[in-house]
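Protein chains: 2
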Amino acid sequence: MLNYRAIVNILSAMLVFLAASLLFPAAVAWFYQDGDLNAFLYTIGLTFVTGISGYFLTRNNGEIRARDGFLIVSFSWILFSLLGALPFVFSGHIPSYTDAFFETMSGFTTTGASILTNIEGLPHGLLFWRSFTHWLGGMGIILLSLAILPLLGVGGMQLFKAEVPGPTPDKLTPRIKHTAELLWVVYLFITIVETVLLKIAGMNWFDAACHTFGTMATGGFSTKNASVGQFQNPWIDYIIVIFMIIAGTNFALHYRMLRGKLNVYKHDREAMFFISVIAVASLIIGMDVWQRNGHHIATAAQHSIFQVVSIVTTTGYGTADYEQWSGLSQLILLLLMFAGGCAGSTGGGIKMIRIMILFKFGFNELKRLLHPQAVLPVRIGNSVIPREIVTNISGFFLFYMALFILGVLIMAALGLDLITAIGSVTATISNIGPGLGGVGPTDNYALIPTTGKWVLSFLMLVGRLELFTVLILFSPSFWKK
Amino acid sequence: MLNYRAIVNILSAMLVFLAASLLFPAAVAWFYQDGDLNAFLYTIGLTFVTGISGYFLTRNNGEIRARDGFLIVSFSWILFSLLGALPFVFSGHIPSYTDAFFETMSGFTTTGASILTNIEGLPHGLLFWRSFTHWLGGMGIILLSLAILPLLGVGGMQLFKAEVPGPTPDKLTPRIKHTAELLWVVYLFITIVETVLLKIAGMNWFDAACHTFGTMATGGFSTKNASVGQFQNPWIDYIIVIFMIIAGTNFALHYRMLRGKLNVYKHDREAMFFISVIAVASLIIGMDVWQRNGHHIATAAQHSIFQVVSIVTTTGYGTADYEQWSGLSQLILLLLMFAGGCAGSTGGGIKMIRIMILFKFGFNELKRLLHPQAVLPVRIGNSVIPREIVTNISGFFLFYMALFILGVLIMAALGLDLITAIGSVTATISNIGPGLGGVGPTDNYALIPTTGKWVLSFLMLVGRLELFTVLILFSPSFWKK
Chain A
1 MLNYRAIVNI LSAMLVFLAA SLLFPAAVAW FYQDGDLNAF LYTIGLTFVT
51 GISGYFLTRN NGEIRARDGF LIVSFSWILF SLLGALPFVF SGHIPSYTDA
101 FFETMSGFTT TGASILTNIE GLPHGLLFWR SFTHWLGGMG IILLSLAILP
151 LLGVGGMQLF KAEVPGPTPD KLTPRIKHTA ELLWVVYLFI TIVETVLLKI
201 AGMNWFDAAC HTFGTMATGG FSTKNASVGQ FQNPWIDYII VIFMIIAGTN
251 FALHYRMLRG KLNVYKHDRE AMFFISVIAV ASLIIGMDVW QRNGHHIATA
301 AQHSIFQVVS IVTTTGYGTA DYEQWSGLSQ LILLLLMFAG GCAGSTGGGI
351 KMIRIMILFK FGFNELKRLL HPQAVLPVRI GNSVIPREIV TNISGFFLFY
401 MALFILGVLI MAALGLDLIT AIGSVTATIS NIGPGLGGVG PTDNYALIPT
451 TGKWVLSFLM LVGRLELFTV LILFSPSFWK K
Chain B
1 MLNYRAIVNI LSAMLVFLAA SLLFPAAVAW FYQDGDLNAF LYTIGLTFVT
51 GISGYFLTRN NGEIRARDGF LIVSFSWILF SLLGALPFVF SGHIPSYTDA
101 FFETMSGFTT TGASILTNIE GLPHGLLFWR SFTHWLGGMG IILLSLAILP
151 LLGVGGMQLF KAEVPGPTPD KLTPRIKHTA ELLWVVYLFI TIVETVLLKI
201 AGMNWFDAAC HTFGTMATGG FSTKNASVGQ FQNPWIDYII VIFMIIAGTN
251 FALHYRMLRG KLNVYKHDRE AMFFISVIAV ASLIIGMDVW QRNGHHIATA
301 AQHSIFQVVS IVTTTGYGTA DYEQWSGLSQ LILLLLMFAG GCAGSTGGGI
351 KMIRIMILFK FGFNELKRLL HPQAVLPVRI GNSVIPREIV TNISGFFLFY
401 MALFILGVLI MAALGLDLIT AIGSVTATIS NIGPGLGGVG PTDNYALIPT
451 TGKWVLSFLM LVGRLELFTV LILFSPSFWK K
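Quick mapping for you: the protein sequence lines, in order, are chains A and B.
Going left to right, the first sequence walks through residues 1 to 481 as our numbering numbers them.
Going left to right, the second sequence walks through residues 1 to 481 as our numbering numbers them.
Please note that a few of the clues may not be correct.
Any copy, or any two copies together, can satisfy a pair, since identical chains are not distinguished.
No farther apart than 27 Å at their CA atoms in a straight line, the calculated lysine-lysine pairs in the DSSO-like style are these [said to hold, decoys possible]:
id	residue 1	residue 2
1	K360	K266
2	K480	K367
3	K360	K199
4	K224	K199
5	K480	K360
6	K224	K367
7	K199	K367
Derived from the structure by calculation, the hints contain no laboratory data.
These numbers were taken from a predicted model, which means no experiment stands behind them.
Using the sequences provided together with the hints, build the complete structure.
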């Protein structure tokens, strides 16, 4: 039996939090006086009143369980996107609600796919809000809320289970509230460092903050039409590269590093695999770009490293049009789109640790042909991965493929060509942003048909919440009893 | 310890069998007097002498084991292709040995990918041999040999395990030799029926036989440049459609049906799933072709059904250029290329039963989120699929994807565009023949670079032998001790 009263209560509390978050872009709008302040004030009022009344009407509710947790996680993202889209509509800058919802879901899921054809035409408040949805979504609106909801007397280990990205939530402390607060401080600290560095490198404070939000969340919304490429500044490129890699790595490692364990990354197999993938892909693509396009070797390196890191971390910032590159380079980038970052990072995609486990599992099956009786556990480093987790990861991979195929079929049925269908589905399910074909790095999602925008929004949500969290809601037995 | 003496002995015996098989195309060459007879006689002589000497030099060998079996299976295909390619080279009609090997491997693996730009320019003997390699490969050269090798005193349950396509070899009788003979008779019987029907429908005996070989093996080599489309005869189209479906279904079912159990297909979940997939895909593509291309509804049905069946059974005959169809139709065909036929058929690809099991497995993982303690076995009909088999199938799928990706990367690195790289790898690993892009239904493999032809030949072999049979040879522990 689902505890609807408690679900509404928590979701309402989160709307109050959303209303509070909207004060930041409202302040920006007030500061710059671009005319978008009222759009924020209306939204804040509506969100706050809805949240506060929902909250007080549903006090005195019972215990919440895992099943309620799944519903809360999925609907928090949906509600935030539904209401977070309003400033775009109220201000008249994105008149279509479908477009505004797509843009906001893309923000909160840290995807970075945009329907805007002229980003620079937006007022500062809306640009800030767009990037800020990334930042809020980045570490997980829910993980965020884990530091607030406990104050309201709501425990949430079940939420943690459903929320933290990746298969192996590295438990920093047994107390979930404390964990959330610690990770939050780490997230905030790194955010401040990147913003300051980008300012020093030549950005103004506004652009530095917005691009930091997009980096930390592996989101990818920029304030410029030509994305990061607009700045033509290698310092900015490499600062963002480093922070994209940081954002794509398990935050539990960063926490330990900041506590003084400096060699924590070296001992983490996933982080080392992640770095190796980036190095190999950058090398191959760099050679390719260098040879074909006749660039200076430094430019080829800069472009290939930036694009590889941006794609594999599922950020989606761009400094070069990779659709001008060779088939091989494009193919490698397409594969990296599926791969994604590390577990426990803000990155999307299948995730490095899953890929490592699937590889080892596959080779074990080969070995079993020779030694049918042998017990062959999957090992990562010194630890044995329990069989249930290996099975779960296989299931995850199958669903990823099935959803990908279903998505591409639907987009093709809506009239998209094959490459655009594949590109748009990959870029949304893996929360990247730019894809291939008609939604490549120099294009946008404006021309996708309305139905397609809703389908892609759904894929962003499902991809961001590690599939099962959302898909379980479609199982009849979820709603039974 | 591998029993090399026994391995050489069996492979030598099989070369004698190959020499005997070459008498059929030699007879055709003698009958038509096109000048290719000597090419066959040289090859027969070389093959027979090698085989007979190898056989007598390695008599008195010990017991063979599973490990030897893997080596025998893989090398029988390789040896047959190495020697079977010679008539093409000796006759001068395919001067490049790489091309001749590619064509022959394509024949024996029942792929049907061709490097020929003018098929009709070939003499009858070579055309017959080309199609006959399909027929021999179809039921499996090895399964074929199971009826012969036992006469030589060699048992072979381990061969059966490695050879019979698909994860569930339906054991007709406990005695392997008897099984092989029974299936062989069924195969021969259906072959004769199709040949006669094609003759009645309007083909000459030569074309009827060659197209039957291609159908029964789900191969796809035609004697005509425009494939089956050349005949412009709906009777021929539909006869071939029916026999492609038969060839793509488990032969154990046909055996039971011929023994009088007429409703055996209705009770087989895989066969029913197979038929449903064909029906749904034909319907969607038929509607699409009908609406867009303005064909008569009967023509649209004929074209869509033929192409769907040809692709899903991994045959590869063509009557229409599906690259002129919509993105959606092409995408469905691309997915069918991966799907393949039923286990125990001559079809390639992943196979229907594996896809069914993977789907059920995926949904079970979803259910486990709600009921973490529940035991949820994978069921097909009334039977529970053992956990080891489910695990093995997951591993198979992962390797299929990994090999596909690796293959596409290599082909792209060789300079092929993305669509051609994807099309050529899919069409060879799934043993179809025609793919997409530069190797589409109206193209051929002539322009693939030499390295690429060897890579694709390897993929045909690996795909045909259900991956593990070949890949295990690359495991260091296979060669140990």
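### Task
Could you check the structure against the hints above and give me the numbers of any it violates, in ascending order?
When the structure is compared with the hints, numbers 3, 6 and 7 turn out to be violated.
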